[in-house]
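Enquirer: Sequence:
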Amino acid sequence: MRIEGARTEDGRVFAVPSGETTGPVRGIEVSTFWADPERALADWDALAEDLSADNEPAVPIPDAAKVVCVGLNYAAHVAEGRYAHQTEQEYPTLFSRWTSTLGVSGSSVEVPPGEEGLDWEGEIIAWVGRPLRHATPEEAAEAVIGYSVFNDITARRAQRATSQWTIGKNLDGSGTTGPIVLRSEVGDPSEGWDLVTRVNGDEVQRGNTVQFIHGIGEILAYVSQFTELRPGDALATGTPSGVGIARNPVWLLKDGDTVTVEVSHLGTIETHVSGGPR
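Okay, so the sequence shown: first residue is 2 according to this note's numbering, each after it adds one.
Quick caveat, the hints were computed from the structure, so don't treat them as lab data.
Computed from a predicted model, the values in this text were never measured in an experiment.
Backbone N, C-alpha and C define an ideal beta-carbon position, used for all residues, glycine too.
Hints should not be assumed to be uniformly reliable.
What follows is a set of in silico ranges between Cβ atoms, one per label pair, in the way DEER data are often shown [unchecked claim]:
1. Arg27 / Asn249: 49 to 55 Å
2. Gly20 / Arg40: 19 to 25 Å
3. Ala65 / Ser185: 45 to 51 Å
4. Arg161 / Asn201: 22 to 28 Å
5. Glu204 / Arg161: 23 to 29 Å
6. Asp55 / Ser32: 19 to 25 Å
7. Ala43 / Thr167: 33 to 39 Å
8. Asn249 / Phe227: 36 to 42 Å
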């Protein structure tokens, strides 16, 4: 099963089977789904509610969820940027996103004032399905319930304005997120999944998850030493080389551009860019 989100007229978001976000459908409210996702999946028919036809696609994530993001998690991406000197990383480089910045495939992101354009970062999200506190990497890896394709679209000027990346990583609608694909159905990225990003049909990134510097279980276990991770929290696992800011000349997304990210077993997402310099 692939899980998407549907927002009803009253603003509630439901987890629904992929492809059924509009029209008459049955879904489980996000807060109920993430309270115990394994039970929700097992007892779907008993817990699901009938929804009306007037729904909007949404990311099925709790408002209070943590979106933990990893930077510099592919060696080739480290080497292409201003952090090339950080060849040895004992700990993952982490930052966070706000849930309100996530959007569904097919949505648009606007170039904000002061930016010449936006940059692409094709990634994978791992979704936490069980509480994690002081976990081992093995326990953390087993707690992942599924994965999504992700595009960590970035405003580079804002990102580089200070030593903290937060504002450049939190544009409205800039975190395009695909359906949740269950780990029980697709296995684990450590098996080696291809990731390909394209801009207007041209390939700009190609990587494989065996190139992770820090594995998913390792990262989640590290975070869990400091703060409890709960079902519905998400980990964005980093992008391979090929970002626009590292090119000569620099290549940034402009009004009318379309970005796709494709990952083995998970599918493809699409983001449209609007506004900014013409």
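Enquirer: Confirm or reject each hint.
Expert: Now for the hints, and whether the structure bears them out:
1. Arg27 / Asn249: 49 to 55 Å: Since the Cβ atoms of Arg27 and Asn249 sit about 52 Å apart, the hinted range of 49 to 55 Å holds.
2. Gly20 / Arg40: 19 to 25 Å: At 23 Å between Cβs, range holds.
3. Ala65 / Ser185: 45 to 51 Å: 26 Å, violated
4. Arg161 / Asn201: 22 to 28 Å: 25 Å, holds
5. Glu204 / Arg161: 23 to 29 Å: At 26 Å between Cβs, range holds.
6. Asp55 / Ser32: 19 to 25 Å: 21 Å, holds
7. Ala43 / Thr167: 33 to 39 Å: At roughly 38 Å between Cβ atoms, Thr167 and Ala43 fall inside 33 to 39 Å, so the hint holds.
8. Asn249 / Phe227: 36 to 42 Å: Distance hint for Asn249, Phe227 holds at roughly 39 Å.
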